[in-house]
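Asks: Residue numbers (my numbering), protein chains in the order written: chain A, 1 to 111; chain B, 1 to 107.
Any given hint might turn out to be false.
Stated by the list, open to error - Computed list of lysine to aspartate or glutamate pairs in EDC-like fashion (alpha-carbon distance at most 20 Å, straight line): (1) K94/B x E14/A; (2) K57/A x E93/B; (3) K94/B x E59/A; (4) K94/B x D54/A; (5) K94/B x E79/A.
Honestly, the hints are just simulated from the structure, not real lab data.
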Amino acid sequence: DAGITQSPRHKVTETGTPVTLRCHQTENHRYMYWYRQDPGHGLRLIHYSYGVKDTDKGEVSDGYSVSRSKTEDFLLTLESATSSQTSVYFCAISAGGNTIYFGEGSWLTVV
Amino acid sequence: GIQVEQSPPDLILQEGANSTLRCNFSDSVNNLQWFHQNPWGQLINLFYIPSGTKQNGRLSATTVATERYSLLYISSSQTTDSGVYFCAVSGNEKLTFGTGTRLTIIP
C-alpha cells in the first residue's frame, strides 16, 4: 500500500465554518493532489502540488485553498464551508508521469 | 480540457462471465490509468497504460493511443470484481477522470 494518510476520515461541520483536511505521505513523491468525488461526476481535481510551495488550480478550485510547506504534507482548506462542499475528498500522490496512488478518502458533511 | 467517456455506465453479469469496458478520450494523452473503486470506496490502481497492452491475472488492458481509446478486459468475473471502474487520462500532470462503469457481479 502506498503510504498515504488522510485526516480526518469523517467530519460533520456547520455552514460557514473553516475546515482543513490533511494529507500525509511517506513516499517522498513530488506530486500531490486533492480530488472530490460526487455522484454523477466521478472524481474532479480541486488543486494539485508539484513541489514544496508550488501549487496550481484544478477544475473545481473555487472555495478551496491549499498549502504545501513540507514534501510530505498537503493541506486542503475550505475557507467557509457550504453545503455544496459536502463530498468525499481524496488525496493522491505521484512520482510524476506515471502511476497515481489514492488515500482512503475523507467524508465531509456540511450541515 | 480533455473529455473522457466511459461505456457502458452500468453492467450486471453472472459470476464467471467476461466483460469489456471502454474508455474514449478527446485528445492526445501521455498518461492513461485504470482504477477500481471497491464498494468500501477504496481506489486501487489497476494499470498505467498510455499505449500498448498489459495483463495482470484475469485483468488486461489495451490502449490504442492513435485512435484515442482504451479497453479493460475482465475474464472469469468474481463477486470481488464488483465496484466502479474509472479511466483517467492526462496530457500533463493533471489526470481527468471519466464518470466510470459500475460493474455488479451476481453469484
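Asks: For every hint, state whether the structure bears it out.
Replies: Going through the hints against the structure:
Pair hint K94/B plus E14/A does not hold up; C-alpha atoms about 31 Å apart against a cutoff of 20 Å. Taking the CA atoms of K57/A and E93/B, the gap is about 12 Å. The hint holds against a cut of 20 Å. A C-alpha spacing of about 10 Å is found between K94/B and E59/A, which places the hinted pair at or below 20 Å, so the restraint holds. Our distance criterion of 20 Å between C-alpha atoms is met by K94/B and D54/A, whose separation comes to about 14 Å.
Simply put, K94/B and E79/A have alpha-carbon atoms about 24 Å apart, too far for the 20 Å limit, and the pair is violated.
Checked against the numbered hints above, the structure breaks hints 1, 5 and satisfies the rest.
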